[in-house]
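Please construct the entire structure, taking both the sequences and the accompanying hints into account.
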Amino acid sequence: MRDGLKSLQLAFREASLAEVPAVEVITTVAVHLMSASAVKLGLAEDGEDHRDLDEARKLITALAGLVTAGAGEISSFHAAPLRDGLKSLQLAFREASLVPDAPGQGPGEKYTGPVLG
Numbered sequence: 000m001r002d003g004l005k006s007l008q009l010a011f012r013e014a015s016l017a018e019v020p021a022v023e024v025i026t027t028v029a030v031h032l033m034s035a036s037a038v039k040l041g042l043a044e045d046g047e048d049h050r051d052l053d054e055a056r057k058l059i060t061a062l063a064g065l066v067t068a069g070a071g072e073i074s075s076f077h078a079a080p081l082r083d084g085l086k087s088l089q090l091a092f093r094e095a096s097l098v099p100d101a102p103g104q105g106p107g108e109k110y111t112g113p114v115l116g
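Read in numbering that gives the first Met the number 0, the sequence shown has 74 at position 75, and its numbers run on one by one without any break.
To be clear, the hints were calculated from the coordinates, so they are not data collected in a lab.
Model, not experiment: these values are computed from the prediction.
Even for Gly, the Cβ is constructed at its ideal location relative to N, Cα and C.
Watch out, some of these pointers could steer you wrong.
Simulated crosslink set (BS3-like; lysine-lysine; CA at most 27 Å straight-line) [as the list claims (entries may be wrong)]:
#1 109 with 57
#2 86 with 57
#3 86 with 109
Ranges of calculated distance between the beta carbons of each label pair, as one might list FRET restraints [said to hold, decoys possible]:
#4 34 with 70: 18 to 26 Å
#5 116 with 27: 23 to 31 Å
#6 44 with 80: 19 to 27 Å
In structure tokens, the structure reads:
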């Protein structure tokens with residue numbers, strides 16, 4: 000009975016995902032990565048309690064890869080705000096770092112190129 004319920008739930012999720020346009024999936028994932036990055040940068044409420052720059056670096060790099068690879072697929076209307084958010088996070092990371100990375104070595108910069116204020 001339990002396996003049947005799990006199979007039914009999985010089938011429902013797959014059917015629901017089949018209806019979602021790719022642009023929506025890409026932008027939703029990007030927003031989740033942005034939110035998680037902001038938390039790990041300490042930008043959320045009670046930020047210092049959750050600050051973890053190593054984790055933020057990973058999330059920002061993943062976001063940069065997604066935004067860079069997906070930009071051509073989702074139109075500039077959707078890509079421009081994602082690029083702006085990514086750049087803001089990259090600059091916030093540089094500001095939060097005790098020893099800033101060299102230009103081109105910050106999180107995601109292998110995909111975006113050097114980010115300057």
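Which hint numbers does the structure go against, in order from smallest to largest? Every hint satisfied by this model.
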